[in-house]
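Number of protein chains: 2
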Amino acid sequence: MKKIIALGILALSIAGTASAQVKPEDQIKYRQAGYSFMAWNMGKIKANLDGEYNAQQVQAAANAIAAIAGSGMGALYGPGTDKDIGNRKTRVKPEFFQNMEDVGKIATNFNAAAASLAKAAAEGDKAAVQKAFGETGGSCKACHDKYRAD
Amino acid sequence: MKKIIALGILALSIAGTASAQVKPEDQIKYRQAGYSFMAWNMGKIKANLDGEYNAQQVQAAANAIAAIAGSGMGALYGPGTDKDIGNRKTRVKPEFFQNMEDVGKIATNFNAAAASLAKAAAEGDKAAVQKAFGETGGSCKACHDKYRAD
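Residue numbers (our numbering), protein chains in the order written: chain A, 1 to 150; chain B, 1 to 150.
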């Protein structure tokens with residue numbers, strides 16, 4: 001888990017060299033794709049917690065969330081990605097780019113919660129999944145409330 | 001790896017119970033998000049193979065690809081997702097839905113290649129990453145060539 005957290009901080013403090021060539025409009029596209037795919041997997045976990053619990057499906061979903069969270073998405077907030085580019089709309093607020101230390105803390109919390117979720121899911125511990133799911137959702141919301149426009 | 005392959009087959013043979021409630025237009029959105037996010041991570045791995053090799057970045061990218069591949073995306077090809085829905089366009093060909101056995105084989109190959117890629121990346125073995133990266137890209141292309149419109 002320490003490794004994943006470190007990776008999160010790294011990703012937010014430096015825009016990875018290799019991904020620096022990604023065009024700003026594609027950075028917005030890719031970050032939205034990551035959040036969208038995580039949302040699908042969060043929805044699956046919620047459905048499993050609310051209804052019949054399929055441990056294998058929950059584990060696969062949690063792994064996807066944790067791996068996306070740990071993939072260095074900070075590199076997708078490069079220069080020029082703070083506003084719409086043509087048809088590519090973004091809801092990120094200017095405040096996001098002005099509070100990178102706070103954003104980094106939220107990202108670290110998010111990575112930690114997602115890693116806990118994946119761990120609990122791998123162990124098939126439904127109660128721990130429920131707890132980590134709440135923490136993961138809470139860290140999503142923490143960022144949305146502060147840094148995403150309605 | 002066996003587990004990941006089994007999961008892939010499972011995902012394609014049954015549309016997971018919990019995700020059955022996802023609206024067809026959202027199924028298209030989520031599957032496109034998954035492919036898009038994988039494409040970003042494939043691009044990062046390629047940049048690392050062609051230039052300076054950052055083992056940590058490659059590992060994070062490969063983990064994201066393998067976890068997305070293993071997340072049961074077969075459930076995102078449910079009834080009604082074979083054509084555009086309003087503004088939500090899809091390039092999937094009708095042949096995809098008529099050849100589910102072949103699609104299942106390609107998906108299994110893809111999952112296996114992505115798992116090999118993640119394993120090689122975790123071991124920091126650049127030559128093995130190069131090989132598995134080629135196989136992963138090849139299995140993407142196998143599906144695109146047959147089942148995706150230009």
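Check each hint, because a few of them may be wrong.
Copies of the same chain are indistinguishable here, so a pair counts whether it falls within one copy or spans any two.
Claimed, not checked - Derived pair list, reagent style DSSO-like, types lysine-lysine, alpha-carbon separation capped at 30 Å:
#1 Lys146 / Lys23
#2 Lys93 / Lys119
#3 Lys89 / Lys119
#4 Lys83 / Lys119
#5 Lys105 / Lys131
#6 Lys146 / Lys119
#7 Lys83 / Lys131
#8 Lys126 / Lys23
#9 Lys141 / Lys46
#10 Lys83 / Lys126
#11 Lys126 / Lys89
#12 Lys23 / Lys89
#13 Lys105 / Lys23
#14 Lys93 / Lys126
Since the hints were derived computationally from the structure, they do not count as laboratory data. Given the structure is predicted, the values throughout are model-derived calculations rather than measurements.
Regarding Lys126 and Lys89, is the shortest C-alpha distance of 30 Å or less found within a copy, between copies, in both, or in neither?
The answer is neither: 38 Å in one copy and 37 Å across copies each exceed 30 Å.
Regarding Lys83 and Lys126, is the shortest C-alpha distance of 30 Å or less found within a copy, between copies, in both, or in neither?
Result: close neither inside a copy nor across copies, 40 Å intra and 37 Å inter.
At most 30 Å between C-alpha atoms: does Lys93 with Lys119 qualify within a copy, between copies, both, or neither?
neither (32 Å within a copy, 38 Å between copies)
Lys126 and Lys23: within-copy, between-copy, both or neither at 30 Å Cα:
Classified as between: cross-chain Cα gap 26 Å, same-chain 41 Å, threshold 30 Å.
What label fits Lys105 with Lys23 when the C-alpha limit is 30 Å: within, between, both, or neither?
Intra 26 Å, inter 34 Å, cutoff 30 Å: intra-copy only.
Please sort Lys83 with Lys119 into within, between, both or neither, judging by C-alpha distance up to 30 Å.
neither (36 Å within a copy, 38 Å between copies)
Between the shortest in-copy and the shortest cross-copy C-alpha distance, which are at most 30 Å for Lys105 and Lys131: within, between, both, or neither?
Answer is within: at 20 Å inside a copy they meet the 30 Å cutoff, but 37 Å across does not.
Checking Lys89 and Lys119: alpha-carbon separation at most 30 Å within a copy, between copies, both or neither?
Neither: 35 Å inside a copy, 36 Å across copies.
Cα distance capped at 30 Å. Does Lys146 pair with Lys119 within a copy, between copies, both, or neither?
within (28 Å within a copy, 37 Å between copies)
As a check of your reading, is Lys93 near Lys126 (CA-CA no more than 30 Å) within one copy, between copies, both or neither?
neither (36 Å within a copy, 39 Å between copies)
If the cut is 30 Å between Cα atoms, do Lys83 and Lys131 qualify within a copy, between copies, both or neither?
neither (35 Å within a copy, 39 Å between copies)
Given a CA cutoff of 30 Å, do Lys146 and Lys23 count as a within-copy pair, a between-copy pair, both, or neither?
Classified as both; 26 Å inside a copy, 29 Å across copies.
Hints 2, 3, 4, 7, 10, 11 and 14, counting from the list given before, are not met by this structure.
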